[in-house]
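Asker: Starting from the given sequences, assemble the full structure and let the hints guide the process.
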Amino acid sequence: MAQSAGFLSVIALRRNHQIPLEPLIHHLHSNAAKLFSYFEILIIDCGEHTVFFEEQAALERLLSQLSSLRYLRLSKDFGVQAAISAGFDYVIGDTICCLELGRDPVEALPALLHSQRSSLQPLVLGRVAKNTLSRSERLLRMIFYRFCRSLLGIAMAEYATTLMVVNRQSLNQLNSIKDTSRHYKAYAFIAGMPFAYFDYERLPEQRRESLLKKIDLALNFIFNYSSRPLRWASVVALSLGAFNLLYVFYIALIVLFKQKISEGWVTLSVQGALNFFVLSMLAAVAVEYLWRTVDESRKRPHYFISCDRKSEQLLSNLQHIRNVVTPQNRISP
Amino acid sequence: MHAAEYLIVGGGFFGSAIAAYLGRCGYSVLLLDAAENLCTRASYVNQARVHGGYHYPRSVVTALRSQENYLRFIRDFDAAIVDNFEKVYAIAKLGSFITTEQFVNFCALTGCRLVEATPAITRLLNRELIDAAFVVEECAFDAGKIRILLRQQLHSAGVTVVTDKKVLRIQKKSSVLSAHLASGEEIEAERIIVATYSSLNEILCNSDLPLLPLCHEWVELPLLAPPTSIAFGLTVMDGPFFSFMPFPPEQCYSLSHVSYTPHQSWQDGASAWGIATANLSKQSRVQVMLQDSRRYLPSIADAQYIKSLWEVKTILPRSKHDDSRPILYQNNYGDCAGLSVVLGAKIDNLYDCLDYIAQEL
Chain A
0 MAQSAGFLSV
10 IALRRNHQIP
20 LEPLIHHLHS
30 NAAKLFSYFE
40 ILIIDCGEHT
50 VFFEEQAALE
60 RLLSQLSSLR
70 YLRLSKDFGV
80 QAAISAGFDY
90 VIGDTICCLE
100 LGRDPVEALP
110 ALLHSQRSSL
120 QPLVLGRVAK
130 NTLSRSERLL
140 RMIFYRFCRS
150 LLGIAMAEYA
160 TTLMVVNRQS
170 LNQLNSIKDT
180 SRHYKAYAFI
190 AGMPFAYFDY
200 ERLPEQRRES
210 LLKKIDLALN
220 FIFNYSSRPL
230 RWASVVALSL
240 GAFNLLYVFY
250 IALIVLFKQK
260 ISEGWVTLSV
270 QGALNFFVLS
280 MLAAVAVEYL
290 WRTVDESRKR
300 PHYFISCDRK
310 SEQLLSNLQH
320 IRNVVTPQNR
330 ISP
Chain B
0 MHAAEYLIVG
10 GGFFGSAIAA
20 YLGRCGYSVL
30 LLDAAENLCT
40 RASYVNQARV
50 HGGYHYPRSV
60 VTALRSQENY
70 LRFIRDFDAA
80 IVDNFEKVYA
90 IAKLGSFITT
100 EQFVNFCALT
110 GCRLVEATPA
120 ITRLLNRELI
130 DAAFVVEECA
140 FDAGKIRILL
150 RQQLHSAGVT
160 VVTDKKVLRI
170 QKKSSVLSAH
180 LASGEEIEAE
190 RIIVATYSSL
200 NEILCNSDLP
210 LLPLCHEWVE
220 LPLLAPPTSI
230 AFGLTVMDGP
240 FFSFMPFPPE
250 QCYSLSHVSY
260 TPHQSWQDGA
270 SAWGIATANL
280 SKQSRVQVML
290 QDSRRYLPSI
300 ADAQYIKSLW
310 EVKTILPRSK
320 HDDSRPILYQ
330 NNYGDCAGLS
340 VVLGAKIDNL
350 YDCLDYIAQE
360 L
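Residue numbers (numbering that gives the first Met the number 0), protein chains in the order written: chain A, 0 to 332; chain B, 0 to 360.
Relax, there's no trap hidden among the hints.
Part of the chain A face toward chain B, derived, beta carbon under 8 angstroms: (1) N174; (2) N322; (3) T325.
Facing chain B, a subset of chain A residues (Cβ under 8 angstroms, in silico): (4) F6; (5) N171; (6) Q172; (7) R321; (8) V323.
Simulated restraints on C-beta separations: (9) B/N278 / A/Y196: 37 to 47 angstroms; (10) A/L119 / B/Q303: 36 to 46 angstroms; (11) A/I176 / B/C214: 24 to 34 angstroms; (12) A/P22 / B/E127: 50 to 60 angstroms; (13) B/W265 / A/Y196: 28 to 38 angstroms; (14) B/A107 / A/F146: 41 to 51 angstroms; (15) A/D307 / B/C214: 33 to 43 angstroms.
Source of the hints: derived by calculation from the structure; they are not laboratory data. Beta carbons: idealized from backbone N, C-alpha and C, even for Gly.
Answerer: Pasting the structure below:
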């Protein structure tokens, strides 16, 4: 494959510290060099683990050996979407790829870039084949996607992973969305951005993400991108009010027309329990939105950087860049 | 006849500068142009902006190279530089591909210096539509003076310049290349560089060589006398907006609008090239451009229209997608040893092309 003109930025998300960093980055570096004359690799350490001496030493070796390398460590685990946001904020390339080290195969890069060129879409999202997922995950995902699509009205890129490629223009548009909690799988729909899928085989997960974390991500997603639960709460509150009003009429009728009024213990109990259940649900939904509103109103950064390191030869390539397309470079998109 | 070691076809800015460079390197060079003078077409009809990189937040390579070449260009063409005005970049609130924050970050990354525009400037802008405005380090060039400087450079480099000579086709003849002229003459050279910009494919087609995938636009550049209140150049970023820039050769301003400047566009096919520009409409859109521009800069409505310049602007297909403006340079084109083609882009990126040529000398 001929080298492309332009500048490639690769965001390499580092979540699992058990995967050795050095061979992966060397592999990624050599692949990027084959694809583009000029490139940078931005390693985003998602801050999920403490960095121990061996890893720090490996990082130092990489920074001294390889050009065009940058390393950012988030101060704590702000979630994978925040890590992608950090990458998007810091990269300078014309074409931007994002992948998770150890999960998204580096070998997929050429095909991913090719699919962007051939589809002529500004954004291409990696998608994992359904049959590679466990039956329970597949079922849960299917329910979640259907729930989002049908009941919440949220369109999202289903089965999309962290692997993606986007051009600079579209990235700038994505970056202009200032939500505190960013979910790039939904952004293509929010921005009405045309995109294509890239099907590939994801490497097996070596460290399973906890169910609680996944639930948290799903809830974040729902409450961030849909206001329908609030509408439901409103409808239920109105219905409950109407029901209670009817119940008052019912009591009045009983008092007026019935000679002997029973004690009504069962009715009262059921009514009280139902009311409290519904009120609790309404409170939960309202509080979730209140929390989100408070969170947004703080205007805090999506993440904090605790370590920012650059390869000594970060700009070595840039100094040799020439804005010239030659037979070795690609002319057509 | 055996004319020279190098024959340069096309006397625009790139062709002339390459000829002067090769002449300085000690080669015998002949420069041919179909027009009566050098730099009369696209080298003259453009925004006359010396790019400092600010214009390309969506193509970091173009931005970095513009930034790198900026000082070199104004040093080499000092006499043609016009910098007696402030250059303002304003970021639109709606419809822009970048936000103010992103623009500032981009400038910091690429080393493009900028300061916030003074109230004297910002009060002229519609703040409902403009988010922020910055004064940047960018200037304009006088294409007329560039022509004079290039003439001097060509003369001192010993380059033979022949104008009013149109090359129709190029033919490989054993160890040399032969250029067939419309006048019936035939000129031989060891190497030929074709730098005819929008009509590159015309020569390639006539020479039975593969065509380049080029995109062309028929563009209008209206020239206006600015109102007294506007003494600065303004570019509204980044999307379907406009630039109002000094146009030094005619002592006025030019107005270009991303949406309305191109009147017609087409792409050269695998076997067909170009269209007859004589048949293209020259119905000005200056009023439409002014109508939109006044939303951002109300006082532009008082500008007096002088005339419009028309030209074919040529870019590579990829530039439509990523807003980049690379130079195309291909040597031994179509397996024709000694034949090179050049499609110039931003005038200040010339040095990138010269670096490639230098590698081959």
